[in-house]
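Enquirer: Reminder that position 186 of the sequence shown reads as 311 in my numbering, one-by-one numbering, no gaps.
If you're looking for bench data, these hints aren't it; they were derived computationally from the structure.
Worth double-checking, as some hints may not be accurate.
Said to hold, decoys possible - Within a straight-line C-alpha distance of at most 25 Å, the following computed SDA-like cross-link-like pairs (lysine to any residue) qualify:
| hint | residue 1 | residue 2 |
| --- | --- | --- |
| 1 | K267 | A231 |
| 2 | K298 | N275 |
| 3 | K154 | G143 |
| 4 | K203 | Y277 |
| 5 | K203 | K154 |
| 6 | K294 | K203 |
| 7 | K197 | K294 |
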Amino acid sequence: MAIVKKNIVTDGLSGKIGKNLVFRQSNGKTVVTSSPTHTGIISEKQVDQRKLFTRAAHYAKTQMADPVFGEKYRIMAKNKGFNNPNNLAVQDYLRPPVIETLNANAYHGEIGDEIIIEAYDDLEVEKVAVEIYHADGSLVEKGMASTNGNPYEWHYAASVANAEYAGDKVVVKAFDHPGNETLQELVLTSQN
């Protein structure tokens, strides 16, 4: 690899020249490297990645043709500074939702106790499921959380009395429109 310093001919040059030289810019300097070689052999991981992007592109095309979700992607793309809402749809397909926080401080094993989940996604979190399990793995309860006007904050109200909740586990799953799922768990303590 060669680094060119103060050469008026190559300063700012980028791209491939001939079959052997590639010029690129790095930290304000022109860097020259040999052209990459391709063996023609595609790994299984590369094949899987190509299939994933093909499915993402198909998803984006389908969503952009849908009047409801196409408009949602157009509005969100504009708000996020994307030039092309199709790119946002591809990104949404490739990235699962994020569960920012799982707060069970108000849960004390009584009916109506709330568990609060903060979750977001490229477009929107479509639904949030909550399950509570005893330490032995048996199910205490499960249900869907709901939003209270804030699309990033989800609330789940307990529907089963659970006096011996210390050591139990809360499992939260957030789903987005493409069907991606994110899971987060929290072991309950008596100090929640």
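Enquirer: Take the hints in turn and mark each one as holding or not.
Expert: Hint-by-hint comparison with the structure:
no. : hint           : result
1   : K267 with A231 : holds, 17 Å
2   : K298 with N275 : holds, 18 Å
3   : K154 with G143 : holds, 21 Å
4   : K203 with Y277 : holds, 19 Å
5   : K203 with K154 : violated, 34 Å
6   : K294 with K203 : violated, 40 Å
7   : K197 with K294 : violated, 35 Å
Violated hints, in rising order: 5, 6 and 7; the structure is consistent with all others.
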